[in-house]
Amino acid sequence: DSGVTQTPKHLITATGQRVTLRCSPRSGDLSVYWYQQSLDQGLQFLIQYYNGEERAKGNILERFSAQQFPDLHSELNLSSLELGDSALYFCASSPGESSYNSPLHFGNGTRLTVT
Amino acid sequence: LAKTTQPISMDSYEGQEVNITCSHNNIATNDYITWYQQFPSQGPRFIIQGYKTKVTNEVASLFIPADRKSSTLSLPRVSLSDTAVYYCLVGDPRYNQGGKLIFGQGTELSVKP
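Protein chains in written order, with our numbering: chain A, 39 to 153; chain B, 181 to 293.
For the record, the hints were derived by calculation from the structure and aren't laboratory data. In this text the structure is predicted, and so the values were computed from the model without any measurement. Built from N, CA and C at the ideal position, the CB exists for glycine as well. Hints are supplied without guarantee of correctness; some may be wrong.
To be verified - Derived CB-CB ranges, DEER-like: (1) T233/B / R60/A: 34 to 44 Å; (2) V235/B / S118/A: 44 to 54 Å; (3) R60/A / T185/B: 45 to 55 Å; (4) Q79/A / T185/B: 12 to 22 Å; (5) L121/A / P220/B: 34 to 44 Å; (6) I188/B / P46/A: 28 to 38 Å; (7) H48/A / S189/B: 45 to 55 Å; (8) T51/A / P220/B: 37 to 47 Å.
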């Protein structure tokens, strides 16, 4: 058990809809990272928050947004969903701001299916 | 743009030692090398991290030569449960801010009985 909790585990929705994925980091971790994993793209970094502030952006679409709340949990909002957004979405956390010298702890993901 | 290069797949048998090599020619002075393991439908799991020479923990060993342009993950006496994808990650010298972490394609290890 990594200590990172993601909900829901599965989500099925229709194109054009909006969903919110939730992540609770490990106790004491200040950084939260979001990743998308699809069969053809591998594991893609989306965005990182550190202590409530955005720290890094990766390949995140404008239709997607995220935030980290004062209690350090994070939400990833996906809107105007398309079929190609179907993927596993992982959240990870780490103690500090930089992940390079500090291992990430991943949750077990939310599997999103857009029909 | 790939930051690391690993074999796409490897096969092994139970009880054998498996060595997975990763090339990272552009590793920066302050970068560490980290390996993760991922089982299907699960998040990646940290295995081991090192800076130079050799690091060993209860799961694996990591060998890093002096020039640090490559590293080798060694899994002793693998079992069927070690079948997974293994990712090698290093810091990107062009993106030292913000903690971007780039996973490559990984190496799909298949352990057979």
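task: Using the Cβ atoms, figure out if T233/B sits within 34 to 44 Å of R60/A.
output: 41 Å Cβ-Cβ, so the 34 to 44 Å window holds.
Status of the given 37 to 47 Å range, CB of P220/B versus CB of T51/A: violated, 23 Å
- prompt: Cβ-Cβ distance between I188/B and P46/A: within 28 to 38 Å?
  reply: At roughly 32 Å between Cβ atoms, P46/A and I188/B fall inside 28 to 38 Å, so the hint holds.
- prompt: Between V235/B and S118/A, does the C-beta distance stay in 44 to 54 Å?
  reply: The hint (44 to 54 Å, Cβ to Cβ) holds, given that V235/B and S118/A are roughly 45 Å apart.
query: Honestly, do H48/A and S189/B meet the 45 to 55 Å range at C-beta?
result: violated, 29 Å
- request: Hint says 45 to 55 Å; check whether the CB-CB distance for R60/A and T185/B agrees.
  value: For T185/B against R60/A, whose Cβ atoms are near 36 Å apart, the range 45 to 55 Å is violated.
task: Using the Cβ atoms, figure out if L121/A sits within 34 to 44 Å of P220/B.
output: violated, 22 Å
message: Tell me if the beta carbons of Q79/A and T185/B are separated by a distance inside 12 to 22 Å.
response: holds, 18 Å
Checked against the numbered hints listed earlier, the structure breaks hints 3, 5, 7, 8; every other hint is satisfied.
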